[in-house]
Amino acid sequence: MGSQGGFYQSKEFLDLVKSIGEARSKAEEDRIVLNEIETLKRRISEPDIPKRKMKEYIIRLVYIEMLGHDASFGYIHAVKMTHDDSLLVKRTGYLAVTLFLNEDHDLIILIVNTIQKDLKSDNYLVVCAALNAVCKLINEETIPAVLPQAMELLAHPKEAVRKKAIMALHRFYQKSPSSVSHLVSNFRKRLCDNDPGVMGATLCPLFELIARDVNSYKDLVISFVSILKQVAERRLSKAYDYHQMPAPFIQIKLLKILALLGSGDKQASENMYTVVGDIFRKCDSSSNIGNAVLYECICCVSSIYPNPKLLESAADVISRFLKSDSHNLKYMGIDALGRLIKISPEIAEQHQLAVIDCLEDPDDTLKRKTFELLYKMTKSTNVEVIVDRMIDYMISINDNHYKTEIASRCVELAEQFAPSNQWFIQTMNRVFEHAGDLVNIKVAHNLMRLIAEGFGEDDDNADTKLRSSAVESYLRILGEPKLPSVFLQVICWVLGEYGTADGMFSASDITGKLCDVAEAYSNDETVKAYATTALMKIYAFEIAARRKVDMLPECQSLMEELLASHSTDLQQRAYELQAVIGLDAHAVACIMPSDASCEDIEVDRDLSFLNDYIQEAIEKGAQPYIPESERSGMLNISNFRNQDHHEASSHGLRFEAYELPKPAVQSRIPQTLIASTEIVPVPEPMYPRESYQTTMPSIPSDAGSAELKLRLEGVQKKWGRSTYTPATSTSNSTSQKTVNGTSQGDGASTVSSMRETYDSRKPQVEVSHEKQKLAASLFGGSSKTEKSPATGHKAAKASSHVVEKSHVPKSSLEVASEKATPAQQPPDLLDLGEPTATSTALQLDPFKQLEGLLDATEVASAVNGAPAASRSPDIMALYADTAAGIHNKNDADLLSGLSNPSVTNMPGTTAMPQVTQSSSKGPNPKDSLEKDALVRQMGVNPSSQNPNLFKDLLG
Amino acid sequence: MGIRFILMVNKQGQTRLAQYYEWLTLEERRALEGEIVRKCLARNEQQCSFVEHRNYKIVYRRYASLFFLVGVDNDENELAILEFIHLLVETMDRHFGNVCELDIMFHLEKAHFMLEEMVMNGSIVETSKANILSPIQLMDKAS
Numbered sequence: 000m001g002s003q004g005g006f007y008q009s010k011e012f013l014d015l016v017k018s019i020g021e022a023r024s025k026a027e028e029d030r031i032v033l034n035e036i037e038t039l040k041r042r043i044s045e046p047d048i049p050k051r052k053m054k055e056y057i058i059r060l061v062y063i064e065m066l067g068h069d070a071s072f073g074y075i076h077a078v079k080m081t082h083d084d085s086l087l088v089k090r091t092g093y094l095a096v097t098l099f100l101n102e103d104h105d106l107i108i109l110i111v112n113t114i115q116k117d118l119k120s121d122n123y124l125v126v127c128a129a130l131n132a133v134c135k136l137i138n139e140e141t142i143p144a145v146l147p148q149a150m151e152l153l154a155h156p157k158e159a160v161r162k163k164a165i166m167a168l169h170r171f172y173q174k175s176p177s178s179v180s181h182l183v184s185n186f187r188k189r190l191c192d193n194d195p196g197v198m199g200a201t202l203c204p205l206f207e208l209i210a211r212d213v214n215s216y217k218d219l220v221i222s223f224v225s226i227l228k229q230v231a232e233r234r235l236s237k238a239y240d241y242h243q244m245p246a247p248f249i250q251i252k253l254l255k256i257l258a259l260l261g262s263g264d265k266q267a268s269e270n271m272y273t274v275v276g277d278i279f280r281k282c283d284s285s286s287n288i289g290n291a292v293l294y295e296c297i298c299c300v301s302s303i304y305p306n307p308k309l310l311e312s313a314a315d316v317i318s319r320f321l322k323s324d325s326h327n328l329k330y331m332g333i334d335a336l337g338r339l340i341k342i343s344p345e346i347a348e349q350h351q352l353a354v355i356d357c358l359e360d361p362d363d364t365l366k367r368k369t370f371e372l373l374y375k376m377t378k379s380t381n382v383e384v385i386v387d388r389m390i391d392y393m394i395s396i397n398d399n400h401y402k403t404e405i406a407s408r409c410v411e412l413a414e415q416f417a418p419s420n421q422w423f424i425q426t427m428n429r430v431f432e433h434a435g436d437l438v439n440i441k442v443a444h445n446l447m448r449l450i451a452e453g454f455g456e457d458d459d460n461a462d463t464k465l466r467s468s469a470v471e472s473y474l475r476i477l478g479e480p481k482l483p484s485v486f487l488q489v490i491c492w493v494l495g496e497y498g499t500a501d502g503m504f505s506a507s508d509i510t511g512k513l514c515d516v517a518e519a520y521s522n523d524e525t526v527k528a529y530a531t532t533a534l535m536k537i538y539a540f541e542i543a544a545r546r547k548v549d550m551l552p553e554c555q556s557l558m559e560e561l562l563a564s565h566s567t568d569l570q571q572r573a574y575e576l577q578a579v580i581g582l583d584a585h586a587v588a589c590i591m592p593s594d595a596s597c598e599d600i601e602v603d604r605d606l607s608f609l610n611d612y613i614q615e616a617i618e619k620g621a622q623p624y625i626p627e628s629e630r631s632g633m634l635n636i637s638n639f640r641n642q643d644h645h646e647a648s649s650h651g652l653r654f655e656a657y658e659l660p661k662p663a664v665q666s667r668i669p670q671t672l673i674a675s676t677e678i679v680p681v682p683e684p685m686y687p688r689e690s691y692q693t694t695m696p697s698i699p700s701d702a703g704s705a706e707l708k709l710r711l712e713g714v715q716k717k718w719g720r721s722t723y724t725p726a727t728s729t730s731n732s733t734s735q736k737t738v739n740g741t742s743q744g745d746g747a748s749t750v751s752s753m754r755e756t757y758d759s760r761k762p763q764v765e766v767s768h769e770k771q772k773l774a775a776s777l778f779g780g781s782s783k784t785e786k787s788p789a790t791g792h793k794a795a796k797a798s799s800h801v802v803e804k805s806h807v808p809k810s811s812l813e814v815a816s817e818k819a820t821p822a823q824q825p826p827d828l829l830d831l832g833e834p835t836a837t838s839t840a841l842q843l844d845p846f847k848q849l850e851g852l853l854d855a856t857e858v859a860s861a862v863n864g865a866p867a868a869s870r871s872p873d874i875m876a877l878y879a880d881t882a883a884g885i886h887n888k889n890d891a892d893l894l895s896g897l898s899n900p901s902v903t904n905m906p907g908t909t910a911m912p913q914v915t916q917s918s919s920k921g922p923n924p925k926d927s928l929e930k931d932a933l934v935r936q937m938g939v940n941p942s943s944q945n946p947n948l949f950k951d952l953l954g
Numbered sequence: 000m001g002i003r004f005i006l007m008v009n010k011q012g013q014t015r016l017a018q019y020y021e022w023l024t025l026e027e028r029r030a031l032e033g034e035i036v037r038k039c040l041a042r043n044e045q046q047c048s049f050v051e052h053r054n055y056k057i058v059y060r061r062y063a064s065l066f067f068l069v070g071v072d073n074d075e076n077e078l079a080i081l082e083f084i085h086l087l088v089e090t091m092d093r094h095f096g097n098v099c100e101l102d103i104m105f106h107l108e109k110a111h112f113m114l115e116e117m118v119m120n121g122s123i124v125e126t127s128k129a130n131i132l133s134p135i136q137l138m139d140k141a142s
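If you read the sequences in order, they're chains A and B.
Numbering follows numbering that gives the first Met the number 0, with no gaps: position 269 of the first sequence is 268.
Numbering follows numbering that gives the first Met the number 0, with no gaps: position 42 of the second sequence is 41.
Worth double-checking, as some hints may not be accurate.
Said to hold, decoys possible - Not everything, but these chain A residues come out facing chain B in the computed CB check (under 8 Å): (1) G20; (2) E28; (3) D69; (4) L94; (5) N131; (6) Q173; (7) F248; (8) I251; (9) R367; (10) Q570; (11) A578; (12) I580.
Unchecked claim - Stretches of chain A that chain B covers, calculated by requiring three or more beta carbons in the stretch to come under 8 Å of a beta carbon on chain B: (13) 36-49; (14) 163-170; (15) 188-201; (16) 241-247; (17) 279-291.
None of these hints come from the bench; they were simulated from the model.
Yeah, the Cβ is synthetic: ideal placement off N, Cα and C, and Gly gets one too.
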């Protein structure tokens, strides 16, 4: 049937398709398409092109655009084709137009008229075609042109038209809710349509409406529940069944709607419990689609007012998903778990090992999903392990989009749950080091503030230690190549403020490093500015401490360079530095007080300290100052001022005083405020203490009590100060060591070690022990009693896993598929009838050998046989896998596809059953034969370059 | 919105059908298809049939040489989309009889017509094969 169309297609078209199909590279394909563009440009504007020819040209245009080239030269012809009387030609025209044009294209206006006419057609298929176009091409301005007709069609006798009219209204609503606000009641009406197709379509707009305004639709709960009940009880036509499930896509949509309506509404939810419970029971858990519905049930259950029984059913399904071998089901299980733990957090614990398996799985998708789950279940007891893992993963990936996301999540979790400031700083260091350019600059400011303000308690000693350990870590990190700019800014600032504060490092150490930074990142003016100001601070502190200042030669050359810099900012900083160095100790101490970044700066807005000076000047005959308000006579200035006022004072000179500092506005370069306190008395925004305390709730320093610190050893080493946590370091060291020894390896390549553990996991008991530890730290290892059964479970699972994986399914599958291959594999396209069968046999083309088309006996050469053997199970396995490991049932299902399963199960089936099988598959074997004959006639044959073109998709 | 695009791409990465439910320019489409196809082709058969890409989630399924890729929003039921792909293939199979890549290439417009019946405004509106195919069969008869 489908092939019939082929007889109308010209040799030219078939050749084009053939050459595209056989193109081996993108370059070759591009050549073909460019050539085609030239041909079409010539042909398409010839006069009197027959309709069919034109339709073919338009489809060729579609090909051109689909393959990434511009076909705009032909758009107008597609538009013209929508006027055609022939339905097929018209619909092809509409199709092409919807593919080519967006709703704001100039040509749309030419189509609106045609659409209007077609919406009135007696032929309902024409009306449908026009409604399809409406859904793609009508924008806010053209809605009124078609709205009245579309509304009339809601009552059309044909259900197909009503369905599309509803979707047109849906589209109008999406484009411009206000233009159809008076018509939304139509959606409610169509929900009760006699035709299930119309009802099913109506659920789409209703879902959107309800998502926007739940409360207006609470009255429909009963209707939705009753529809869902009827669907689940198979009251709909069999035509909607899919893999023995009654209308699963409608069920899913309904469950989504119920989830919205029942959210936080006990009364509405109570109406739903029975039907959702029924679906839980009835759902075929051995098919993919059954599991899809079950997953939606879980989403619904975790959204509506909780019901213990349903939660239990949901938990059962989740545990089945997580235990499945199918990655798809595991993925759904992890997602579902993330939803359910919001209501019943305790269920996470029983799945801890499964979750960790997913976390360590090499499959990136699964891993990310698991990180999402961990993100949702982070608390102060497991934050260290989780954030640590997240950062390890963040380092391992290249995808900037996801890197940004995971970095911001790390920061968020660290800010929210940090057990200690030291841990926070260390974590931030890692985030900055590896994703510094991706994180928000505010995060950097927060970090600087934290270091400056310390614990927020009166423990100066601890603060000092915190700072010196930060300095020490930064000095070490500076050795790394290519640090992100934001991180360097933090480092320079901290080194400037606290580099020499504890006397561990001399001024020349620090200034040397700072000069290195300025030199190594000489393209980054911001970093240079930070470095320069940091240098100034170091020298100022030296002078204030009355030590002799020897400027390093590299520092001197840096200053010379900056004094002549094109950047006025850098120049100013350099001059300021020069000026500061020339001052005496007392003056410097006033300008640059040490560790004063948190001090409030008093601003004398009246500049009263200048009074004496002014008085003196006036006495000498100077003009007194006239306040702006009294300066009406000075036209140009007042004009300027007014204008300035209107323009929100963002441009030009400002004549009024600066506003008082606002906490939210953070200055780009905070240290300027210290630098410039006396020189330019302009108030700069300060970091207020209050906001710090809200973002970083002062957590009681439970550094000692954190028994689950997986990476604590790394922390200690990195920060080097055993004195910092004197009480805990000894008590923790033993447990830390074991944890570290088993799980972390050397810590340098955590990702690869993760992989290793994954690979070697099954046979090794210690590894599962390690995993258990991880589990304990993630899920709050309160349950020591749980541990031993968990190991048992784990071991059992692991071993069974091994057996299963290596032998049972694979081999059986292989056997099955190998046996099935002769019967199943051949694209019956080719081998349907006797004549073609003989011809193909004679040809003995390489493609057939590759695809395992020949009988097992005929595949004589081992070379050809091998790929055939390896390939066929490959395809079968794929199918089996995507079918979510529902082996028994689905195997039969998928192998047979649409045909009878008995054929596939018989190993030695010969050519005869093949014919019967294919005849049962396709609607008409004759068609397939014709199709085959046609393509052969056109010169496309399986021996040519792309044999895959012939491969039966459902094979 | 739900479904944002549907792609059919063969394992050489050549596009065989592309339908977008939100407007992207030619360049954006080309870039997106390149990135997605590279990502999906690199995955093995044991791995999930789902891939995250920028703000999309791609649900994909392979049939012989042809990959079917559906880009969806974040709150879509991936497993259901996976089965939607299979429904599409079954529907094409019913129409073409042992559908293969070449059928879609020769009858690109018909494959599109089927999609037009199944998906509107990015939502699945029809799942009955009879309803999907009847307008196409009627058109065939008429012409």
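Evaluated hints:
At a threshold of 8 Å, the smallest CB-CB gap from A:G20 to chain B is about 6 Å, leaving the interface hint in force. About 6 Å separates the beta-carbon of A:E28 from the nearest beta-carbon of chain B, less than 8 Å, and the hint is met. With a cut of 8 Å, the hint placing A:D69 at the interface with chain B holds, because the nearest CB-to-CB distance is about 6 Å. The beta carbon of A:L94 comes within 5 Å of a beta carbon in chain B, closer than 8 Å, and the hint placing it at the interface holds.
Interface restraint check: A:N131 against chain B, minimum CB-CB distance 5 Å, threshold 8 Å, status holds. Given hint, A:Q173 at the interface with chain B, holds; its Cβ is 7 Å from that chain's nearest Cβ, closer than 8 Å. Because the smallest distance between the Cβ of A:F248 and any Cβ of chain B comes to about 5 Å, under 8 Å, the interface hint for this residue holds. Taken as an interface hint, A:I251 checks out: its beta carbon lies about 5 Å from the nearest beta carbon of chain B, inside 8 Å.
Interface restraint check for A:R367: the shortest CB-CB distance to chain B comes to about 6 Å, inside 8 Å, so the restraint holds. Taking 8 Å as the C-beta cut-off, the interface hint given for A:Q570 is violated, the closest approach to chain B being about 42 Å. Hint on A:A578 is violated. Least Cβ distance to chain B is approximately 51 Å, over the 8 Å limit. Contact between A:I580 and chain B, as hinted, is not supported at the beta carbon level, the nearest pair being about 52 Å apart and thus beyond 8 Å.
Coverage of the stretch 36-49 of chain A by chain B is violated. Counting CB-CB distances below 8 Å, 0 residues qualify, and the rule asks for three or more. A stretch counts as covered by a chain when three or more of its residues have a beta carbon under 8 Å from one of that chain; for the stretch 163-170 of chain A and chain B the count is 4, and the coverage holds. Judged by the Cβ-Cβ criterion of 8 Å, the stretch 188-201 of chain A is covered by chain B as claimed, because 3 of its residues qualify and three suffice. Remark: the stretch 241-247 of chain A is confirmed as covered by chain B, as 4 of its residues place a Cβ nearer than 8 Å to a Cβ of that chain, reaching the required three.
Here's how the stretch 279-291 of chain A fares: 4 of its residues keep a CB closer than 8 Å to some CB of chain B, so the rule of at least three is met and the hint holds.
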